[in-house]
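Chemist: Chain residues, written in single-letter form:
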Amino acid sequence: MNTGTTTPAGAGATARRRSRFRRVLDAVDERMGISALQYEVPEHANNLSWSLGALTAIGFFILVASGIYIAQWYHPMPEVANQSIRELMTGVWLGSFARGLHFWAAQAMVVLALLHMFRVFLHASYKRPREGNWIVGSLMLLLAYLAVFTGTVLKWDQEGFEALMHNLDVAELMGGLGVWFGTDLAAQVPIVVRLYTAHVAVIPGLIFALFVLHALLVKRHRISEHPAIPHPEREHPAPFTAHLRRATAYGLVLLGGLGVLAVLVPPVLGPTPVEGIETTRPLWMFWWFFPFEQWFGISSVGLAIAAIFGLIILVPLLDRSPRRRWQERKVTMGIAALLVLILVAISVYVWINNPNGH
Amino acid sequence: MAVLLLVFGLVLASPRAVLADEEESDRASVLVLQSVALIANGAPVDAVIERVEDALAAPDKSGTDLALVERALRVIQATPGGAGLDRAQELLVDAVDIRFATGYGDVPRPGEVSHGEPPYATGAETGMTAVLDDFSPARGISDGGDVVLLVLAAVSIGVGSILAHRWRPPDSIRRLRRDVALSEGSR
Chain A
1 MNTGTTTPAG AGATARRRSR FRRVLDAVDE RMGISALQYE VPEHANNLSW
51 SLGALTAIGF FILVASGIYI AQWYHPMPEV ANQSIRELMT GVWLGSFARG
101 LHFWAAQAMV VLALLHMFRV FLHASYKRPR EGNWIVGSLM LLLAYLAVFT
151 GTVLKWDQEG FEALMHNLDV AELMGGLGVW FGTDLAAQVP IVVRLYTAHV
201 AVIPGLIFAL FVLHALLVKR HRISEHPAIP HPEREHPAPF TAHLRRATAY
251 GLVLLGGLGV LAVLVPPVLG PTPVEGIETT RPLWMFWWFF PFEQWFGISS
301 VGLAIAAIFG LIILVPLLDR SPRRRWQERK VTMGIAALLV LILVAISVYV
351 WINNPNGH
Chain B
1 MAVLLLVFGL VLASPRAVLA DEEESDRASV LVLQSVALIA NGAPVDAVIE
51 RVEDALAAPD KSGTDLALVE RALRVIQATP GGAGLDRAQE LLVDAVDIRF
101 ATGYGDVPRP GEVSHGEPPY ATGAETGMTA VLDDFSPARG ISDGGDVVLL
151 VLAAVSIGVG SILAHRWRPP DSIRRLRRDV ALSEGSR
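Chains as they are written, first to last, in UniProt numbering: chain A, 1 to 358; chain B, 1 to 187.
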């Protein structure tokens, strides 16, 4: 009978088991260097707003897992691509759920990345010596956009096809630089097949490579101090593994939330595409670029994309002052607020004037 | 003020309704297909009528049953508010041979690649051989499987929330900031 007390013999057995476990851990650590993850992080970094980067990474891993499942049934030939998604959603066990999870996780990843960058911007965490890491993060955001874009095209419905047409127009305007994005490079191959390889291999591979670099630079520079808490010695530091552990807990919440959305609001698949019409509205995250074609022609779409991402990437080079409190960075914050307001206005414009979205 | 004007102007700026992505086709069969796609994608009725009229006026009428197209146009015009669009879509689909309009053959079988002209869509061709309506899965709980998934999702949210609370740092950012403010104020 278990009396709830530990006998000396039992305590000895537990200690032996623990020391065996410890020896296994040490052996793995000696070979894999996992104790390098035990570096110290400040206390403020274990809060939600400072864990958004880790949550973005968790969103990426949810995307990879659901994407691997979907890929078993997706057929990237134009004749059957749209139909294969219908079959995935109606005839495959958990197919509709996996696609819903993928759809919502993609949007969550972009939202979380934007929120993470907003947090970094607000606290000026991109300032010396972290300028390079901001640029790495910005490139990851650009790649996340490309991943969503290619995923939109892969649906091969009217919305995806119209998105592709814009991509081809912009690629043509880029001349030689756009050859990789156009049809001339491999005229015998359907471009949806090439975009499929980009979506499942090239883009996630690049994101992962940059993610590793991003994480290594975080370790090298340490997590930045909070501008409103200038005395780090007042905080209770914790190992980075504690930060990961709490981020994983948030990740469970994220996964559950995405699961609820995947069940209750499954994504729509549009009609099979027909050339020569333009009648759909893109996903919300492309609204910032979408109406420029109507206003100023197709070349302005490419310029708008270059301007917005160029500005994001160049933030640490444009704001060189040592001040980190947002209250002391009036010009920087004012310009950022103005840009956000313009993007919100453009989004409202698209929402009102182009109601035909999925 | 200038910003507010800009926001106001952007919101109220008049859009160009449905844009043709490229030069309009002179083939009635292609224009009929585009009319079907406009209906399937929920485009405004005016845009559909315009495209059907373009099909009737197209110089190349081969492969198109114009009588059916005219009937479809009458159905749309006779039912204001787009109520007749479903019937019109059926008539328009019957009016054309989609494979004739698109020029695509059958879906290729293994081994049918790299022999002269590929028998499948290449480049940015759509490969479309049937205009399928959009696929909108039912929202909400459809069956017992959805209930199980929702329960699992709720468990994930619950466990995650409990663990996040349990593993919270000793001090919140608000408290750390307050301590700093207090110590600076006492100096």
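No wet-lab data here; the hints were simulated from the structure. C-beta: ideal position from N, C-alpha, C; glycine also. There's no promise every hint is true.
[To be verified] Covered stretches of chain B (chain A as the covering partner; in silico rule of three or more C-beta atoms under 8 Å from a C-beta of chain A):
id, segment
1, 69-77
2, 85-94
3, 144-150
4, 170-180
[Said to hold, decoys possible] Cβ-Cβ distance ranges computed for the label pairs, FRET-style:
id, chain 1, residue 1, chain 2, residue 2, range
5, A, 128, B, 136, 31 to 37 Å
6, A, 234, B, 143, 39 to 45 Å
7, A, 23, B, 143, 32 to 38 Å
8, B, 134, A, 232, 30 to 36 Å
[Unchecked claim] From the derived model, a few chain A residues whose C-beta atoms are all more than 10 Å from chain B:
id, residue
9, 18
10, 86
11, 216
12, 235
13, 260
14, 314
Chemist: Say whether it holds or is violated: residue 314 (chain A) keeps its Cβ farther than 10 Å from all Cβ of chain B.
Modeler: For residue 314 (chain A), whose nearest Cβ neighbour in chain B is about 22 Å away, the distance exceeds 10 Å, so it holds.
Chemist: Is the nearest Cβ of chain B still more than 10 Å from the Cβ of residue 260 (chain A)?
Modeler: violated (5 Å)
Chemist: Given the range 39 to 45 Å, decide if the beta-carbon distance of residue 234 (chain A) to residue 143 (chain B) lies inside it.
Modeler: About 55 Å separates the Cβ atoms of residue 234 (chain A) and residue 143 (chain B), which means 39 to 45 Å is violated.
Chemist: Is the nearest CB of chain B more than 10 Å from the CB of residue 216 (chain A)?
Modeler: The claim stands: residue 216 (chain A) keeps its Cβ more than 10 Å from every Cβ of chain B (closest is about 24 Å).
Chemist: Taking the CB of residue 128 (chain A) and the CB of residue 136 (chain B), does the distance hold inside 31 to 37 Å?
Modeler: violated (51 Å)
Chemist: Quick check: the segment 144-150 of chain B, covered by chain A? Criterion 3+ residues, Cβ under 8 Å.
Modeler: That given contact holds, which follows from 3 residues of the segment 144-150 of chain B lying within Cβ reach (below 8 Å) of chain A.
Chemist: Take the segment 170-180 of chain B, compare each residue's beta carbon with every beta carbon of chain A, and decide whether three or more fall closer than 8 Å.
Modeler: That given contact holds, which follows from 8 residues of the segment 170-180 of chain B lying within Cβ reach (below 8 Å) of chain A.
Chemist: Go check the segment 69-77 of chain B versus chain A for me, would you? Three or more residues, Cβ under 8 Å, otherwise it fails.
Modeler: violated (count 0)
Chemist: With 10 Å as the threshold, tell me whether residue 235 (chain A) passes as away from chain B on beta-carbon distances.
Modeler: Violated, since 6 Å does not exceed 10 Å.
Chemist: Take a look at whether the Cβ-Cβ distance between residue 23 (chain A) and residue 143 (chain B) falls inside 32 to 38 Å.
Modeler: Violated - the Cβ-Cβ distance for residue 23 (chain A) and residue 143 (chain B), about 50 Å, lies outside 32 to 38 Å.
Chemist: Decide, holds or violated, for the assertion that all CB atoms of chain B are farther than 10 Å from the CB of residue 86 (chain A).
Modeler: violated (5 Å)
Chemist: If you count the residues of the segment 85-94 of chain B with a beta-carbon closer than 8 Å to a beta-carbon of chain A, do you get 3 or more?
Modeler: violated (count 0)
Checked against the numbered hints listed earlier, the structure breaks hints 1, 2, 5, 6, 7, 8, 10, 12 and 13; every other hint is satisfied.
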